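Number of protein chains: 2
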Amino acid sequence: MRKIADSTVRRLSLYLRFLEEFEQQGTATVSSEELAARGGTTSAQVRKDLSFFGSFGKRGLGYSVPELVRRLREILGLGRTYRVAVIGAGKIGSALVRYRGFRQRGFEIVAIFDNDPLKIGSPLEGLVVRDVKQLEQTLIGEPVDIAVIVTPAEAAQGIADRVAALGVKALLNFAPIQVSVPDDIVIKSVNLALELEVLSYALTNR
Amino acid sequence: MRKIADSTVRRLSLYLRFLEEFEQQGTATVSSEELAARGGTTSAQVRKDLSFFGSFGKRGLGYSVPELVRRLREILGLGRTYRVAVIGAGKIGSALVRYRGFRQRGFEIVAIFDNDPLKIGSPLEGLVVRDVKQLEQTLIGEPVDIAVIVTPAEAAQGIADRVAALGVKALLNFAPIQVSVPDDIVIKSVNLALELEVLSYALTNR
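So the protein lines, in turn, are chains A and B. For the first sequence, the working numbering assigns the number 1 to the initial residue and increments by one for each residue that follows. For the second sequence, the working numbering assigns the number 1 to the initial residue and increments by one for each residue that follows.
It cannot be assumed that every hint is accurate.
[What the hints assert, rightly or not] Derived lysine-lysine pairs resembling PhoX-like cross-links, with alpha carbons at most 25 Å apart: (1) B:Lys119 x B:Lys133; (2) A:Lys133 x A:Lys119; (3) B:Lys188 x A:Lys188; (4) A:Lys48 x A:Lys91; (5) A:Lys188 x A:Lys91; (6) B:Lys188 x A:Lys91; (7) B:Lys91 x B:Lys48; (8) A:Lys188 x A:Lys169; (9) B:Lys91 x A:Lys91; (10) B:Lys169 x B:Lys133; (11) B:Lys119 x A:Lys188; (12) A:Lys119 x B:Lys91; (13) B:Lys91 x B:Lys188; (14) B:Lys169 x B:Lys188; (15) A:Lys119 x A:Lys91; (16) A:Lys91 x B:Lys119; (17) A:Lys169 x A:Lys133; (18) B:Lys133 x B:Lys91.
Worth flagging that the hints you see were computed from the coordinates, not collected in a lab. Predicted model only: the values in this text are computed from it and were never measured.
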């Protein structure tokens, strides 16, 4: 399969969420126009996005909701469970562990780490916060698919290096720093402060 | 000033965070190489990013930390306070109101709204959750610069339309849907589930 852009994957993800609601309501078919409205795009874009993955739907009849749900879940890799480690048990890290949306979509947090003696050993949603010194020891025994970095900026690159060395192939970075990883590792960043500064920049320079 | 890309603004924001740490430590100058390391980029990119905004630094001497901090804060529009309304008092909305990083950078949450009778009227970090029916009434009397949408997907577009009609020029959307706004409004989205699905897509289609 050829490589497709993140923006396409994001739209597929939005279509899927909409289709799942339709499926729950028992709706059998959906048009590209309805999917377009949900994804904030055009019906031509919807048809193009879906054409990357083969032929869907019939002209004039729309798409079969259950079939498209099944195919999109397959394309997005959502048919399976991903094991996730969270590094950093501060406010955001703890909130992530408590966030039920993760598990509902197959992302299971199996370990959380911190370097604060006051946090190490304390219970959190059925887990116990582990010492980050035990990162290698723990993740060699119980490998994870995804590492979520929720450390202060100055610790993030070191943690990324350590999880990369452990063979973890996907990282989600919440630390306010750009983290470098080898080319075979995929990394996504979520940074609220940066998004806010893009807004303040736009408000200031209109 | 000509329009610059979001990716440039994000790097400026990362440089600024790094420079502020340097300033606290009393460091007088910084090289483009040091800034590049922090932003996960090259020194040529740093010089290019900063050149958008005029001439900084001296060849061989690096950049003056206090001067660059001052200019970047000015460029990013961080010299002032922004009034922020949060619409949606669920888990994420409440966490945002409690998040101290907002106020530290000049983003002051002045109102939070919900449509749940159990939440309306309850206290939250010095605010009281207001009925979303009072959105217009409240924001006409006390205008905000930024609206943060933390509603379920199906409510997000309606809220975006209402705040746009009130003249709010910047939106931050956490709802799992693509929201459309008029061209003169800037909108940024933060969607954890989508980022995770980009990761699972990448893990599946390697």
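Here's how the hints hold up against the structure:
Using a Cα cut-off of 25 Å, the hinted pair lysine 119 of chain B and lysine 133 of chain B holds, with the two alpha carbons roughly 13 Å apart. Proposed proximity of lysine 133 of chain A and lysine 119 of chain A is supported: the alpha carbons are some 13 Å apart, at most 25 Å. Taken as a hint, the lysine 188 of chain B and lysine 188 of chain A pair is honoured in the structure, with Cα atoms around 16 Å apart against an allowance of 25 Å. With a C-alpha separation of about 41 Å, the suggested pair lysine 48 of chain A and lysine 91 of chain A falls outside the 25 Å cut-off, and the hint is violated.
Restraint check for lysine 188 of chain A and lysine 91 of chain A: the C-alpha separation of about 20 Å stays at or below 25 Å, so the hint holds. With a C-alpha separation of about 23 Å, the suggested pair lysine 188 of chain B and lysine 91 of chain A falls inside the 25 Å cut-off, and the hint holds. A distance of roughly 41 Å separates the Cα atoms of lysine 91 of chain B and lysine 48 of chain B; the hinted pair therefore is violated under the 25 Å criterion. With a C-alpha separation of about 12 Å, the suggested pairing of lysine 188 of chain A with lysine 169 of chain A holds against the 25 Å cut-off.
Proximity of lysine 91 of chain B to lysine 91 of chain A is assessed by CA-CA distance (about 13 Å); at most 25 Å being required, the pair is judged to hold. Between lysine 169 of chain B and lysine 133 of chain B, the direct Cα distance comes to roughly 20 Å. Compliance with the 25 Å bound is thereby established for this hinted pair. The straight-line distance between the Cα atoms of lysine 119 of chain B and lysine 188 of chain A is roughly 34 Å, outside the 25 Å bound, and the hint therefore fails. Using a Cα cut-off of 25 Å, the hinted pair lysine 119 of chain A and lysine 91 of chain B holds, with the two alpha carbons roughly 22 Å apart.
About 20 Å separates the Cα atoms of lysine 91 of chain B and lysine 188 of chain B, which keeps this hinted pair within 25 Å; it holds. Taking the CA atoms of lysine 169 of chain B and lysine 188 of chain B, the gap is near 12 Å; set against the 25 Å cutoff, the hint holds. The straight-line distance between the Cα atoms of lysine 119 of chain A and lysine 91 of chain A is roughly 12 Å, inside the 25 Å bound, and the hint therefore holds. Distance check on the hinted pair: lysine 91 of chain A and lysine 119 of chain B sit about 22 Å apart at the alpha-carbon level, within 25 Å; holds.
Proposed proximity of lysine 169 of chain A and lysine 133 of chain A is supported: the alpha carbons are some 20 Å apart, at most 25 Å. For the given pair, lysine 133 of chain B sits about 20 Å from lysine 91 of chain B by alpha-carbon distance, which is consistent with the 25 Å threshold.
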